[in-house]
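Asker: Listed below are the residues making up each chain.
Number of protein chains: 2
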Amino acid sequence: MSNPPLPVTSRYSPTTAVRVGVLGAGVVGSQVIRLMTEHADELAARVGAKLELVGVAVRRPARHPEIPADLLTTDAAGLVARGDIDVVVEVIGGIEPTKELLLTALRRGAGVVTANKALLAEHGPELYQAADAAGADLYFEAAVAGAIPLIRPLRESLAGDRISRIMGIVNGTTNYILSAMSNSGLGYPEALAEATRLGYAEADPSADVDGFDAAAKAAILASIGFHTRVGAACVHREGIADVSAADIAAARQIGCTVKLLAICERVAVGGTGSPGDGAGEPGSEAVSARVHPVMIPQSHPLAVVDGAYNAVYVEAEAAGRLMFYGPGAGGAPTASAVLGDLVAVARNKIAGGRGPRESAYAALPVQPMGDVLSRYHISLDVDDRAGVLAAVATAFADAGVSISTVRQEGRGDDATLVVVTHSAPDAALAGTVAHLAELDSVHRVTSVMRVMGELR
Amino acid sequence: MSNPPLPVTSRYSPTTAVRVGVLGAGVVGSQVIRLMTEHADELAARVGAKLELVGVAVRRPARHPEIPADLLTTDAAGLVARGDIDVVVEVIGGIEPTKELLLTALRRGAGVVTANKALLAEHGPELYQAADAAGADLYFEAAVAGAIPLIRPLRESLAGDRISRIMGIVNGTTNYILSAMSNSGLGYPEALAEATRLGYAEADPSADVDGFDAAAKAAILASIGFHTRVGAACVHREGIADVSAADIAAARQIGCTVKLLAICERVAVGGTGSPGDGAGEPGSEAVSARVHPVMIPQSHPLAVVDGAYNAVYVEAEAAGRLMFYGPGAGGAPTASAVLGDLVAVARNKIAGGRGPRESAYAALPVQPMGDVLSRYHISLDVDDRAGVLAAVATAFADAGVSISTVRQEGRGDDATLVVVTHSAPDAALAGTVAHLAELDSVHRVTSVMRVMGELR
Numbered sequence: 001m002s003n004p005p006l007p008v009t010s011r012y013s014p015t016t017a018v019r020v021g022v023l024g025a026g027v028v029g030s031q032v033i034r035l036m037t038e039h040a041d042e043l044a045a046r047v048g049a050k051l052e053l054v055g056v057a058v059r060r061p062a063r064h065p066e067i068p069a070d071l072l073t074t075d076a077a078g079l080v081a082r083g084d085i086d087v088v089v090e091v092i093g094g095i096e097p098t099k100e101l102l103l104t105a106l107r108r109g110a111g112v113v114t115a116n117k118a119l120l121a122e123h124g125p126e127l128y129q130a131a132d133a134a135g136a137d138l139y140f141e142a143a144v145a146g147a148i149p150l151i152r153p154l155r156e157s158l159a160g161d162r163i164s165r166i167m168g169i170v171n172g173t174t175n176y177i178l179s180a181m182s183n184s185g186l187g188y189p190e191a192l193a194e195a196t197r198l199g200y201a202e203a204d205p206s207a208d209v210d211g212f213d214a215a216a217k218a219a220i221l222a223s224i225g226f227h228t229r230v231g232a233a234c235v236h237r238e239g240i241a242d243v244s245a246a247d248i249a250a251a252r253q254i255g256c257t258v259k260l261l262a263i264c265e266r267v268a269v270g271g272t273g274s275p276g277d278g279a280g281e282p283g284s285e286a287v288s289a290r291v292h293p294v295m296i297p298q299s300h301p302l303a304v305v306d307g308a309y310n311a312v313y314v315e316a317e318a319a320g321r322l323m324f325y326g327p328g329a330g331g332a333p334t335a336s337a338v339l340g341d342l343v344a345v346a347r348n349k350i351a352g353g354r355g356p357r358e359s360a361y362a363a364l365p366v367q368p369m370g371d372v373l374s375r376y377h378i379s380l381d382v383d384d385r386a387g388v389l390a391a392v393a394t395a396f397a398d399a400g401v402s403i404s405t406v407r408q409e410g411r412g413d414d415a416t417l418v419v420v421t422h423s424a425p426d427a428a429l430a431g432t433v434a435h436l437a438e439l440d441s442v443h444r445v446t447s448v449m450r451v452m453g454e455l456r
Numbered sequence: 001m002s003n004p005p006l007p008v009t010s011r012y013s014p015t016t017a018v019r020v021g022v023l024g025a026g027v028v029g030s031q032v033i034r035l036m037t038e039h040a041d042e043l044a045a046r047v048g049a050k051l052e053l054v055g056v057a058v059r060r061p062a063r064h065p066e067i068p069a070d071l072l073t074t075d076a077a078g079l080v081a082r083g084d085i086d087v088v089v090e091v092i093g094g095i096e097p098t099k100e101l102l103l104t105a106l107r108r109g110a111g112v113v114t115a116n117k118a119l120l121a122e123h124g125p126e127l128y129q130a131a132d133a134a135g136a137d138l139y140f141e142a143a144v145a146g147a148i149p150l151i152r153p154l155r156e157s158l159a160g161d162r163i164s165r166i167m168g169i170v171n172g173t174t175n176y177i178l179s180a181m182s183n184s185g186l187g188y189p190e191a192l193a194e195a196t197r198l199g200y201a202e203a204d205p206s207a208d209v210d211g212f213d214a215a216a217k218a219a220i221l222a223s224i225g226f227h228t229r230v231g232a233a234c235v236h237r238e239g240i241a242d243v244s245a246a247d248i249a250a251a252r253q254i255g256c257t258v259k260l261l262a263i264c265e266r267v268a269v270g271g272t273g274s275p276g277d278g279a280g281e282p283g284s285e286a287v288s289a290r291v292h293p294v295m296i297p298q299s300h301p302l303a304v305v306d307g308a309y310n311a312v313y314v315e316a317e318a319a320g321r322l323m324f325y326g327p328g329a330g331g332a333p334t335a336s337a338v339l340g341d342l343v344a345v346a347r348n349k350i351a352g353g354r355g356p357r358e359s360a361y362a363a364l365p366v367q368p369m370g371d372v373l374s375r376y377h378i379s380l381d382v383d384d385r386a387g388v389l390a391a392v393a394t395a396f397a398d399a400g401v402s403i404s405t406v407r408q409e410g411r412g413d414d415a416t417l418v419v420v421t422h423s424a425p426d427a428a429l430a431g432t433v434a435h436l437a438e439l440d441s442v443h444r445v446t447s448v449m450r451v452m453g454e455l456r
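So the sequences go chain by chain: R and A. Residue numbers for the first sequence follow the working numbering, beginning at 1 and rising by one. Residue numbers for the second sequence follow the working numbering, beginning at 1 and rising by one.
Since the hints were derived computationally from the structure, they do not count as laboratory data. One or more hints might be untrue.
Repeated chains share a single entry, so a pair holds when one copy, or any two copies, can fit it.
Stated by the list, open to error - Below, in silico cross-link-like pairs of lysine to any residue (SDA-like), each with a Cα-Cα straight-line distance of 20 angstroms or less:
1. Lys50 <-> Thr37
2. Lys50 <-> Arg162
3. Lys50 <-> Pro68
4. Lys50 <-> Arg357
Small disclaimer: the values here were computed from a predicted structure and weren't measured.
Excised from the complex, chain R in its bound form (with noise of 0.2 angstroms):
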């Protein structure tokens, strides 16, 4: 039961710190602070250097008396350019002044830790230039799915092998909402207020539930993943703000459950002239970055990922299918994505060495939304008499989109038509939505939604 005999070396030369300034103490930041502090030994140990924490830029001091009063400035601008500071960690998000503050450390070759999706979606290639012009590093785990090991294994543990797609949860307050109404058969408007009232949403909840913040982290892992620039923009975003107590019905129906997804895949579009083949050279590849609500079988592993918790599902060419699953949110599971970050930072500090840069080196293009070949699944309320399925079949067959099954449902005033398709492209089934909503006999379409996986 005695542990080997060897001697353990120790790092821990208490002499040498590395000094950190952190911008923010909010949720995140507030904690990253208390386990600098609490847990300041063993991080030292892991380090072999002191962490010293030499500053905080907050906009008003007076609400954080937990924090030394000498450590506290409302000028970030200045903590940014102290030549003292070793490491900035960044956990005030937005993208202006952050974007400077962050570009003025890196410059003086200050490493960056930093939680904020939307600044690396949008400007991540201009922050990686200043972090390699200046040899610094510029580290982001805490920026998709909280404290979810997620940037490090694609960026470093999948660094040898090909990925094919990467599709999760990754934002929580969405997953909350579309579980509950799943669970509890609310519609979209009352668990939107229930998720706000137990402080899942936002007062203002467009960044989640329009898919703004699940389109920012698809950027970023698109971007790692395919080692190719995907900004926020080229990603198609589609929120939750549609999907209706009908959609859940109709996905439970044939055994799916509907999850908001960020979607990101390597594609080929070799022009065979097939339908979303698009206009590539024959044998070369593109990156689809998508989020959009999807109909997903039951079994599926991201099926029962449910309330505010993260899931990203990984699959590469050798590696098979990976799962990465935990708290998406929070401040303490931010903090240890941070705090892991900051240790890593420090240890290139005192042992010499870089984390890895930006490696966009595939730059392969982004395949328009049109081109992606999906799967629909549509319901429409239809008249009950002959030749309406006909006349259905027919506008599916206009389009090109081949009809996986039919299913007829009720009778009379009742009469319900479900349509699940084949892959097509997705202009295609969407102009094929649009077409049958214009048939007589079709009085409404009530469901239409894409569907991924094997269906029972």
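Since the structure of chain R is provided, determine the placement of chain A on it from the hints.
Answerer: Just chain A now, kept in the frame of chain R:
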């Protein structure tokens, strides 16, 4: 839809190369060599230099026609000693001569990437020391849970957090057998025979079914997670050979499933006088590392991990509960993990810096299994007469073990008592079971197994 305009900074200098020697060209090694060859350009772009395969040591060169003959050698000792080799990839397994080969490579400053769990679990500190003395890298992502990124998340992503528990299905063979027993009602011998026939179990299955493989992985996970040297000999180990169809049925009765888990915990051993506190100073901690079959609730994320898949559940103070899931073995998945490490070591060779070294500063004692707090599920065939329950209850009470639930089933000769205990020191529980077996009113102890998680 276009990419941002900044130029991509390429680090790829085609004139530099990182020279790689591979020990072994079996199931994993052949995939490593295939991926290095097929993805040479991508790997070069990611590393910033070409990965050049300069030698492969095998026993029988004639068996490897796919490898250029001038790369093959039977002289492994000569290969690792070559001064022109920057990184040695070891996928031959075994303790000797592998240990000496890797020590030779490390001592002359070559980086080492290994998938050898047994070697690391037994001689990790010696390898680390040789690496430290020469400033060399030692990476071993592939040693635990195949393609699943786990070592890197534990020693890097969670480096700023305090891990409290690591619990996982880390052996695909035993998980396949237990899944088969659970899904088809097979007994252990039949399920093992099926696993052998399908190639999931070796001809000599002892390393898997007796828990040696999982124990080596538990030792590695506990060492990294708790910054403490935990050798394989410190891991309490029970295999699955004694798991019966009755155990599986009993688990189902209480809403559970049986899994062979590697469990590593940081536990308080402060001497409050309570049972199981052990002899530690007040407030002191220990590490528990063990491998044994467990009943876990069917709602637990690990319960649904079926077949040859692996999954590891990590609880950390700030991050909360994380789970990592994927293929735990196989040539290509293991090769993916090896390649990820190879890219990391090669990047360090090019850009400077080193990966994490051994972190064993915490040096916690290993808790003896008898002190580990467990809950037991026990089924007894008993006499159907007054006084039996009193006799059984007295046996528990005498050992200071508190009963959570008792259920009596059947009448007459088929009378069965099913007891689930509260947490108690494992030694007290084992003693109680021995005592029960000796009671006149107990015909037979039909099932004894530890239980984790909340029962319904």
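Asker: Check lysine 50 against arginine 162 for me: Cα-Cα at most 20 angstroms, and say if that holds within a copy, between copies, both or neither.
Answerer: between (38 angstroms within a copy, 17 angstroms between copies)
Asker: Within, between, both or neither: how does the pair lysine 50, proline 68 come out at a Cα-Cα threshold of 20 angstroms?
Answerer: Within. Shortest intra-copy distance 18 angstroms satisfies the 20 angstroms Cα cut-off; inter-copy 51 angstroms does not.
Asker: Cα distance capped at 20 angstroms. Does lysine 50 pair with threonine 37 within a copy, between copies, both, or neither?
Answerer: within (11 angstroms within a copy, 43 angstroms between copies)
Asker: Between copies, within a copy, both or neither: which fits lysine 50 and arginine 357 at Cα up to 20 angstroms?
Answerer: between (25 angstroms within a copy, 17 angstroms between copies)
When each numbered hint is compared with the structure, no violation occurs for any of them.
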